[in-house]
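Asks: Chains as they are written, first to last, in the working numbering: chain A, 1 to 391; chain B, 1 to 522.
The set of hints was computed from the structure by calculation and includes no laboratory data. Cβ atoms here follow ideal geometry from the backbone N, Cα and C, with glycine treated the same way. Among the hints, a few may not be true.
Unchecked claim - Away from chain A, derived, C-beta distances all over 10 Å, residues of chain B:
1) Y88
2) S99
3) E153
4) P234
5) V257
6) E296
7) Y305
8) R312
9) K330
10) I387
11) A472
12) A476
13) K477
14) Y478
15) S485
16) T497
As the list claims (entries may be wrong) - Covered, in the sense of this in silico footprint (three residues per stretch, anywhere, with C-beta under 8 Å from a C-beta of chain B), are these stretches of chain A:
17) 24-36
18) 75-86
19) 112-122
What follows is each chain in one-letter form.
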Amino acid sequence: MSATSYSSKVDVKARERALKVLHEKFYVVLKDILEGRPPKLVIKKRTLSNTIYEPERKLLLLGESVFERSLLDLREAKKFMQTLLMASIIYEALSNSEYPTIRDLYYRGKHTIRYRKLPSKNVGEENTWDEQSESDSVLRDIEVFTNVLREEMLILSKEKGKVVGDLKIRSGDDIIDLSKMGHGAYSIEPTPDLIDFIEVNAEFVLVVEKDAVFQQLHRAGFWRSYRAVLITSAGQPDRATRRFVRRLSEELKLPVYVISDSDPYGFYIYSVFKTGSITLSYESERLATPSARFLGVMMTDIFGSNKLNKKPYLTEEERRNFIIRAKERDIKRARELKEYPWFKSERWRIELDEFLERRVKLEIEALAGKGLKFLADKYIPDKIGIGDWIE
Amino acid sequence: MAVSEESFKSISPAEFFYKNKEIAGFSNPARALYQTVRELVENSLDATENHGILPIIKVSIRELEVVSEGAYYEVVVEDNGVGIPPRYVPQAFAQLLFSSKYILRQSRGMFGLGAKMAVLYAQITTGHPAEVVVAPIKSKHVCSFKLKIDIRENKPVILGFTTTSNISGKHGTVVRLVTLGDWTRSRQRVYEYLRRTAVIAPYAEIAFRDPEGNYLLFERSIDKLPPPAREALPHPHGIDIETMKSVLKSIAEKHVVEGLVESFQGIGRTTAIRILEEANIDLEKKAGELTDLEIETLVRVMKSYRDIKPPRANHLSYLGEEIIVAGLKKIFEPEFTTAITRRPSVYEGQAFIVEVGVAYGGKVPVTEKPLILRYANKIPLLYDEGIDVVYKVLDEKRGIDFKVYEIEFPAPLVILTHICSTKIPYRGVGKEAVADVPEIESEIESALREVLRKLRLYIQHKRRELEEIEKAVAIAKYIPEISESLYRVYKVDIRDTSTKLLELLNSRLKSFKISSLSSVVM
Ligand SMILES: Nc1ncnc2c1ncn2[C@@H]1O[C@H](COP(=O)(O)OP(=O)(O)OP(=O)(O)O)[C@@H](O)[C@H]1O
Ligand SMILES: [Mg+2]
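The shape of chain B in the complex, shown without the other chains (with noise of 0.2 Å):
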C-alpha cells in the first residue's frame, strides 16, 4: 500500500486568519458588522485620546443592498485623530500584523489586526476595497486611498490614491468600508457597544446613525482625559528568551551591563553587575556576543531575581474616579456611585491597575443579578462574559455575597471593572474575555469590596434618613387632628398650635425637616 505523502506549505498570516476569521471575531455576518464597527472606533479612540485630543467620532451604517445571508453595509467610522502619515496607510490598513502599537504602552490596539481583519472581511464577502482618507496634523494635504489586502503575499494592493490641499486644516482619519452583515441581529450588540463606550468615555462625543436612519449622539459630559499612556522599558521579571534577543540585537554593541541599564525597568548599575555575575557572565562582554545558553541563564535569574522594584504604573493610562463617576452617570442617573482606582499591582512582571465603580438606585433599571460593565484598557467586553475573571469574583456560589453589602435582588445596581495593563491577558484575539490570572482575580475582588463597602455605608445612610422621614410623616399626620381638639377645649388657635408642635418635631430631626405641615397632611 503506498502510502501517501505530507505536503508542506507556509501561508501568509492574511490566509491564515482568512481560514480562521472567527478568532477575530468575524464568525458570521451578524457578528462581524458588529466587530467591524468595534475596531474602527477602538483606533479612532486609539488616535485621539492617547495623543491628547478630545476624540470627536462619527460612525454611520448604510445598507446598500440585500443578499441571501444578509445585507452589505456601508460602514464609515471619521475622528479627530492624529492621522496616520501617509506612507504607511497601505500597510496600516492592509497588512496584517503591522501596527505602531508593538510596543510597551497601554492602548486599545493591541495585536496589529483589527483594522485589517476589517478590511480582510469586507473584501472577501463583498469584493469592495477599503477607502481610508487621512489627514495627519498640521498636514497640508489630505490623502484618500483605496487598498485591497494581496492575501497570499500578505501585501497591500493600491487601487486608488489621490490628494488634496488641507483647506480647513483638520486632522483625523475616515475609514470606509462596504462589508456583508445582519443589522437586525447586530443591532443590540452595536448600541451596547456604543452605551458602554460612552459610559468609560465621557469625554469622548460619539454621534451615531444607524441603517433605519436613526441618529444617536453621546455628548462629551466631562472635558478630562485620563493621563496618556507612556511607553515603558520591560520589567525583568516579565522577560522571555525571544524579547531578551531582540532587546540584546538593539543594543548589540553596548557593553551589556550598560546595555542592561538602558532597556531595562528597575536595573542600575549594581544590580546589573549583580545579575551578570549570578549569571557566569563575563562583564566585559558587549551584548551581541553572548551566547544562546548565557541568553538563557540570564533569562532565568532576570525573571526570579528578588532585589528589583516592581514595575512602575506611572505610564499606565487608568480613568480615575472622576471619569468613571462622570460615565455612570451619564449614562445610568443613578442616585448614587462610587468608583475606585486601586493601587498598581504586578502579574508576570506586567503592571495593572484594576478599578471598579458601582452606580445604584435612580434611573438603574432594577435587575435580578448586577449589570456588569467589563473594561480592559477601555473597551467594553461584551461576549464571553461566562469565562471572564470578573465573573468568577462574582460567582453566585463562590463569589461575592452581595447580602453582607445589605443588596437584595433584584436591585438597581451596576458595577464597572476597568483592567488596564500594557499587556491584557485577553481569551482571545477578538478582545471579550480576560483569563482569571490570580493576581488580577484578587485585585478585582478587593476593588469591588471596597466600593461595595462605600455603597453599603450609603445604603444603610439611605435608610435611617428614609425611617427618620417615616416617622417625621407618622407623627406630623396627627398634629391638625391634636390642634383642633385642644381648640375645642381651650379655644387656641389651630394654625399657632399646629405651628408650634411642628417646630417642636423638626427640632427632634437631624437629617431632614418638614417644611410645612401642608406636605404632609391634605
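So that you can see chain A by itself, here it is in the shape it has in the complex (with noise of 0.2 Å):
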C-alpha cells in the first residue's frame, strides 16, 4: 500500500462532500457562460459593516449583505479569475486525495500570464498572483461562497495550537493517549473535525494565551492536579485551535477557561475564543465557543476594586515591578474594544475603564514570576473557585 493511496475513511467522506458543493456552487459561472450572460459570483462581503453580533447566541457571525464579483467588471476580473482558479485547484486536489496547505495551494496557482499590451503591442506580464495574501483572500471567499470551510476541504493550515491532559483522541487511525506527552505537548492537527474523543478524565479546559506559560504549568503537572485539559494557542488562536475547543465545550461539556495577557490585545484573544474574529466571522458558528470565561488576568486583579469588593492579588511592591506603562496604540484598542457589541457588559466596562484609568499592563509571565506556585496553585485555582471570572 502506497503513502498517498492510504485515506482514512472519515477523509474520504468529507473529501466527497467538499467535492460536491464545489462542482454545484461553482456550477452557476458555467452556465451564465454556455447561455450568454456576463459570468459573476455573488458572495456575502466579509467587511466590519457586514459582521453582525448576535447577543442571544453571543456570536458575531457574517451579515446578509453580498457583492458582486463579474469578470466583465474590471475593478473584479482579477479576483474572479483568482476566485475559479483557487476552486479549480482546491477541486483537483480534492479529486487527487492530496492534503494541500495554504502555501500549496499559493504555489500550484501562481505562475505567469504573458500577455500583448495595445495597441503596442508590447509584452505585459502579471502573476495569476502575487503575495500569499491574496490567494488566502480568495480562499476566504470561496470558503463564505461555499459555506464550506477549508478543514472541510481538506487544506491544511500551519497549526501552532497543543494540547496535553487525560484524555485519549483517535487521529487518523491512530489512538492517542494526551497524557503521555513527556515534556512535549499534541499539537492540534489542522482538521480537528475529523478527531475522535475516546476517553476524557477531567473537569474543565484551561487555555492559556502565552506557549511559555503553558509549558511552565505543563512541567509543573498542573493539568494533572487539578484535572484540566491545558492548551496554549501560542498568541492568536488558530482556526484548528478554536475548533478543537469548541469542541470539548459542546461535546464534552466541559468548561473552559481562557488566561491571557491584561491588555486589550489579551482581551480580543479571549473573545476571538468566546465570540469570533472579526476578519474570519463566517466561520464563528462552528469556531467559537460563546461559554468561554475570561478567568485573567484582569485589571481588576492587579488592583482590587472597590466596587466589585475585591482584593488584588499582587502586592503594591509587586506592582511596582510586574506591571508594565501601556502604549498609545493599547488606549487606542481599548477605546475599539469598549465599542464592540460583544465587550458592552457592565464586567468589561469595569475591567476596561480601569485600563484606561491606569494606563498600564501585565503580561502574564509576570505572575509566573511571582511564583509558579502562585500561578498555579492559587491564583488559578482560586479563582475558579470562587468563581471569579468574566462570562
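Reassemble the complex: the two chains are provided individually, in unrelated frames, and hints are given to aid placement.
Replies: Put into C-alpha cells, the structure is as follows:
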C-alpha cells in the first residue's frame, strides 16, 4: 500500500461532500457563460460593516449584504479569475486525495500570464497572484461562497495550538493518549473535526495564550493535579485550536477558561475564542465557544476593586515591579473594544475603564514570575473556586 | 568758423537697395543664398498657380569656387509658368521697382524687388550677369537674356540676347545667377523653406539638387489648385490721398459720380451721390477737376462712410481645408489633421482671410512647444518669429493655454497659420513677419481655438478608445485562465469556453473588438 493511496474513512466522506458542493456552487459560472450572460459570483461581504454580533447566541456572524464579482467588471476581473483558479485547484486536490496547505495552493496557482498590451503590442507580464495574502483572500471568499470551511476541504494550515491532559483521542487511524506526551504536547491537527474523543478524564479546559506559561504549567503537573485539559494557542488562536476548544465545550460539556495578558490585545484574544473574529466572522458558527470564560489576568486582579469588593492579588511592591506602562496603541485599542457590542457588559466596562484610567498592562509571565506555585496553586484554582471570571 | 555746407543729391532705387541690402533680406552670404532661392521660387509659384497651372519647379545650387567669405554658387530656378513677354524681361529682372504685381491682387510678390535684389547681390558679389530664358505660353520662340543692372540709373543693361525656336512647345522661365553664398550656414534654412513650401503647396512638384549633390523631390499629392486670385477694386475704407489722386487721374474725363462707381468696391450711384454731397463736391464736376482740398475731404468722407458693404473677399486665393490637410499629411504623416478657413474679415479697408491647420501625433516629432508654420499669401515665414502676430496669440503667458485643449507638452503638434490678403502688413520687404494688426490677431486666435477644439474632441475620443482597449485587454488576458479552471472542474472544452467569453466581452465593447484571443494572450 503506497503512502498516498492511504486515506482514512472520515477523510473520504469529507472529500466527497466538498467536491459535491464546489461542483454545484460554481456551476452558476459555467451556466452564465453557456447561456451568454456575463459570469458573476454573488458573495457575502467580509467587511466590518457586514459583521453582526448576535447577542442571543453570543456570536460574531456574517451579515446578509453581498457583492457581485463579475468578470466584465474591471475592478473585479482579476479577483474573479483568482477565485475560479483557487476553486479549481482545491477541486483537483480533493479529487486527487491530497492535503494541500494554503501555501501549497498559493504555489500551485501561481504562474505568469504573458499578454500583449494594445495597441502598442508590447508584452506585459502579470502573475495570477503575487502574495499569499491574495490567494488566502480568495480562499476565504470561497469558504463564504460555498459555506464549506477550508478544514472541510481538507486544506491544512500551519498549526501552533497544543494540548495535554488526561484524555485519549483518535486521529486518523491512531489512538493517542494525551497524558503521555512527556515534556512535549500534542499539536492540534489542522482538521480537528476528524478527531474522535475516546476517553476523557477532566473537569475543565484551561486555555493559556502564552506558550511559555503553558509549558511551565505542564511541567508543574497542573493538568494532573487539577484534572484539566491544558491548551495553548501560542498567541492569536488559529482555526484548528478554536474548533478543538469548541468541540471540548460542546461535545464534552467541559467549562472553558481562558487566561491571557492583561491588556486590550489579550482581552481580544479571549473574545476570538468566545465570539469569533471580525475578519473571519463567517466561521464563528463552527469555531466560537460562546460559553468560554475569561479567567484573567484582569485589571481588577492587579488593583482590586471597591465596586466588586475585590482584593488585589498583587502587593503594592509587586505591582511596581511587574506592571508596564501602556502604549498609545493599547489605549486606542481599548477604546475600540469598548465600542464592540460583545464587550458592552458592565463587567467588561469596569475592566476597560480601569485600564484606561491606570494606563498600565501586565503580562501573564509576570504572575509566573511571582512564583509558579502562586500561579498554579493559588491564582488559578482560587479564581475558579470563587467564580471570579467574566462570562 | 566756417560752417560746412550740406550737399544734396538723389540716389536711384538700385543704389538705395545696394546700400541697404539687409532690409530686403540680403544681409550676409548665408542669408543671401536662402533669400535668392526664395525670391526665385516665389516668382515661379506666382507664374504658375495664379494662372491655373500645376507648378513644376526645379531648383539647383552648385558650388563653383570657394572664396574667403564663402563660395560662388550657381543658382538655377526653372518653372513651367506663363513666362514673361520678352520685351519686359530686362526691366522685370534688372530695374528695381518694376513689377506686374502692383495691382490689387493677392500674390506672393508685392514689392517689385525680389528678383532684382537677387540679381543685384549676385552682380556686386561675383560680377556675373543674370541669365534669363523665357518661353511665354504659345510662344514660337525661346528668348535668352544676359542682364546687369546699371545701379546709378536703375536701368537694365542687356549684355546678350539670343532667340531660338520653341520646338518642344514648352512654356516657362529659367533664371540662372552666380552669387556669393555660404551653403553650410544656409543649408538648414533652404531645406526648411522648401519643405514648408511643399506643405502649403502640395499641388506643386518641387525638385531640388543641393551643392553636395543630394537630390530631393517633393511630389505632388493633390491635383487641386487654390482658387485663383483675381484683381479687385479698392475699397473706400482702404483709400488714401495718393491712391485717390492716381485713381482720379485714370478717370479724369469721366463725371465724378460714374468715376467713383466704376473705380471702387461697394459704391453704387446712390452711395456715390451721398458721399459727394457729404464732401460738398459739385456732382457735375469731372473727376479730373477736383481740387486738392476737395480730394482730401472726399478721402476723409469715404474712409469713414458707414453705409458701405465690407470689402469683398471672393478675389482672394485661400488654400482651403482640403489643401492644408493634404500638405500637412504629406510632410508630417500625422495621425490627426484638421484645418479651417475663416470667413473673410477686414483691416484698414483690406479684405483678409485667416486659415489655420493642425497636425497631431503619428510621425510628428514630439517637442516642448508646438511647431509653428507661419504663412502669408502662401509664403513660408521663417525668420523673425518673435515679432510676428502669430507669436502674440501663442504667447506662453498671455496667449492660448493648451491645457484647456487637453494638450500637455512635450507633445507632437504642428500648427499652420496662413494669412491671405491683397495687402499683407509685413514688418519688412524681406517678408518674414506680419505686424500685429488687432483684426488679424483676433482672427488668428479664433481660428486657432476652433481647430484646437476639434483636436480636443479627437484627443478625448482617442483617450476613450484607448481606455476601452486597455479595459478589453485587462479582462481578455484572464480568459484562458478561467477556461482552464472550468475545465478542471467540469471538463468542458477550453476553446469553447474561451470563444464564448471573448464573444461576451466583445459584445460589450463599443469602439473596438478583439479579433482573436491569440492577439492578446501568448
Ligand atoms: N518666373 C517668373 N515667371 C513669370 N514672371 C516672372 C517670373 N519671375 C519674375 N517675373 C515677373 O517679374 C516681375 C518682377 O519680379 P520681382 O520678384 O522682382 O518682383 P515681384 O515678384 O513683383 O515683387 P516682390 O518684390 O514682392 O517679389 C514680377 O512681377 C513678374 O511679373
Ligand atoms: Mg517676386
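Asks: All hints are to be evaluated individually against the structure, with a verdict given for each.
Replies: Here's how the hints hold up against the structure:
Consistency note on Y88(B): stated as away from chain A, and its beta-carbon is indeed over 10 Å from all of that chain's, at 59 Å minimum. Annotated as non-interface, S99(B) keeps its C-beta farther than 10 Å from every C-beta of chain A; the closest such distance is 54 Å. For E153(B), the non-interface assignment is confirmed: its Cβ lies about 69 Å from the closest Cβ of chain A, beyond the 10 Å cut-off. Distance to chain A confirms P234(B) as a non-interface residue, since its nearest Cβ pair spans about 56 Å, more than 10 Å.
Here V257(B) stays apart from chain A, with its beta-carbon at least about 70 Å from theirs, past the 10 Å limit. Consistency note on E296(B): stated as away from chain A, and its beta-carbon is indeed over 10 Å from all of that chain's, at 69 Å minimum. Y305(B), annotated as away from the interface, keeps every beta carbon of chain A farther than 10 Å; the closest lies near 61 Å. Every beta carbon of chain A lies more than 10 Å from that of R312(B), the smallest distance being close to 49 Å; the non-interface claim holds.
No beta-carbon of chain A is positioned within 10 Å of the beta-carbon of K330(B); the least distance is around 24 Å. Look at I387(B): its CB is around 42 Å from the nearest CB on chain A, clear of 10 Å, so calling it non-interface holds up. At the 10 Å boundary, the C-beta of A472(B) falls inside the reach of chain A, the nearest C-beta of that chain being 8 Å off. Not every Cβ of chain A is farther than 10 Å from the Cβ of A476(B); the closest lies at roughly 8 Å, contradicting the non-interface assignment.
Not every CB of chain A lies more than 10 Å from the CB of K477(B), the least distance being 4 Å, so the non-interface label is violated. For Y478(B), the shortest C-beta to C-beta distance to chain A comes to about 4 Å, within the 10 Å cut-off, and the non-interface label is violated. The beta carbon of S485(B) is not kept farther than 10 Å from every beta carbon of chain A, the shortest such distance being approximately 4 Å. Residue-level check failed: T497(B) sits 6 Å from the nearest beta carbon of chain A, not beyond 10 Å.
Counting residues of the region 24-36 of chain A whose beta-carbon sits less than 8 Å from any beta-carbon of chain B gives 7, enough to reach three: the coverage restraint holds. Residues of the region 75-86 of chain A lying with their CB closer than 8 Å to a CB of chain B number 6, which satisfies the three-residue condition for coverage. Under a criterion of three residues with beta carbons nearer than 8 Å to beta carbons of chain B, the stated coverage of the region 112-122 of chain A is upheld, 7 such residues being counted.
In summary, the structure is inconsistent with hints 11, 12, 13, 14, 15, 16 from the numbered list given earlier, while agreeing with the others.
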